[in-house]
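Undergrad: With chain A held as given, fit chain X onto it using these hints.
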Amino acid sequence: MADRERWASRIGVILAMAGNAVGLGNFLRFPVQAAQNGGGAFMIPYFVALVLFGIPLAWCEWAMGRMGGAYRHGSAPGVFALLWKHPMAKYLGALGVCLPLGVLTYYLYVESWSLAYSMFAMMWDLFGVRSMDSLRAFLTAYQGGGTRIGVSLIAWVFFLITIGINYWVMTGGIARGIERLARVGMPLLFVLAFVLTVRVFTLSPPAGAGPDQTVREGLGFVWNPDLGMLRSGKVWLAAAGQVFFTLSVGFGAIQCYASYMRRRDDIIVTGLSASMMNEFVEVILGASIAIPAAVVFFGRAGTVDIARSGAFNLGFVAMPAIFQQMPVGALFGLMWFFLLFIAGVTSSVALAQPAVAFLEDELGWTHRRAVRAVWVALLVLGHVPILGFSAGALDEVDFWAGTIGLALFALIEAVVFLWVFGAERAWAEIHVGAEVRLPRALLYVLKYVTPTLLAVILAAWLWQDGWAYLTMRGVPAEQRVWRWVARVMLLGMLAITVALIRRAVRRPGAAVPEATS
Amino acid sequence: MTTTGWVFMIASWAAILFGTSWCFYRVLTSRRHWQNPEEDIRHLEHGEFEPPRDTPHRRR
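So the sequences go chain by chain: A and X. All residue numbers for the first sequence refer to the numbering used here, where the first residue is 1 and numbers rise by one. All residue numbers for the second sequence refer to the numbering used here, where the first residue is 1 and numbers rise by one.
One or more of the hints may lead you astray.
These stretches of chain A come out as covered by chain X in the derived footprint (C-beta under 8 Å, 3 or more residues) [what the hints assert, rightly or not]: (1) 32-43; (2) 213-220; (3) 275-283.
Okay, the calculated bits of chain X under chain A, using three or more residues with CB under 8 Å as the criterion [stated by the list, open to error]: (4) 2-8; (5) 13-25.
Derived by calculation from the structure, the hints in this document are not laboratory data. We put the beta carbon where it would ideally sit given N, CA and C, even for glycine.
With the rest of the complex left out, here is chain A (with noise of 0.2 Å):
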């Protein structure tokens, strides 16, 4: 039997973790979050929920997935039928297949506005088209509103690019493909958004500004402490959904990329700079792009409104405009666009690659079959978001697999991992090949701190949202079809992933171990 691919290099394992994890989020999700909940404050929720719960549950998926990867099995199902010898186990891990496609239905679409947005600024300088009123009818006609069909044709085109883009970097394999891209990608990613801090922080305000719109300001509308919201249950835990979805826990996709590496090499000072390196992106160049330029072309007000607009219209409405009314804007509008581009295409592989080493480690399938098989599946599923855009068939995506599915799935795998397979071992198996120790401390912060704290996250995201998502209380008559087609998607999908486990189990020399083996 041939061997399983290997990363690398270990700066290469690095780049790809943090081309995971670097994604929309860091530029648009976690500004706003900051600015919402207490500004500077937040950031002690923040660093607190990042050392207590982000970190050390990152450890446990490095440490669960490179214990798959010395077994031959590369994605949830697998790993946790070694580490828990149960009939339910391997279906537990079904999860972390299904979901992280569930995901991907739904960002692949956003990641292809992206590209075709720099597209857009690059050759047509986005078409002449300034206000921001002007953006959001863009925007909407872009996405297909209005339209019998739900999406555009350049929409749909767009899409279609972005799955061939991804199909190619992933035949490719981990080294060849997926570390390639993180090598060349990431960088660039650095690069981009640097020059875009370097150009947000010289930006003179439009003429007729107010005396607050100047980048202080707008470092200030994101920093400016205000301490007594620290007393307020809710930041803290806005503070722990933001490091949760950060750090990309619970999408089964560290897990996976982290079985290519050998037994022995260190997960510890590897995954914490993967960690480190999302942390730079995010708190230093993302919280210093979109808040800060949107306060100096639209003051402390309009930037209260874009933000609660959401995460869309601050990145292809506010944006924009703001570019648009600089020099050379087009290129800079191409730099944001592209910059966007470059945190989808290396989050998305990372997603898509859980289902591939699911159908190639448990089926024995070819990689080239099962990255086609994947991204045909894709291609077909992601257009249920699509046409079901405006009918919110994304945002219901979005909750149950971006959100409640994560949370649950991130619950299970530390579950699993400190109480079932064991603390002790699971701290013995982060410490293998470690080049530092970790302070004992951790090991009971891991224990009862870290799935505490996802119960806690889990229960108020279903005890605020998950009745009304559950009943669609508020949703319109019109809008249920398509919300209800995307359940099902869900449904089946996750119904599909366990017949194929059952189907790996009853294959002739099973890598699924069944649990009386």
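TA: Quick look at chain X alone, frame taken from chain A:
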């Protein structure tokens, strides 16, 4: 931007920069493996990867 705003921003940036620098110092000065990744992948085909050469970590 208030003074405390500057303090929070600079402290956060300093913490992140220190953490990132420390990590990359450790990674780039580690001699454990993969000092020449381009050479490592040049001759390799998918599914037929040889494990990179093991070299003891110099801190050991």
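Undergrad: Check each numbered hint against the structure and report the violated ones by number, ascending.
TA: none
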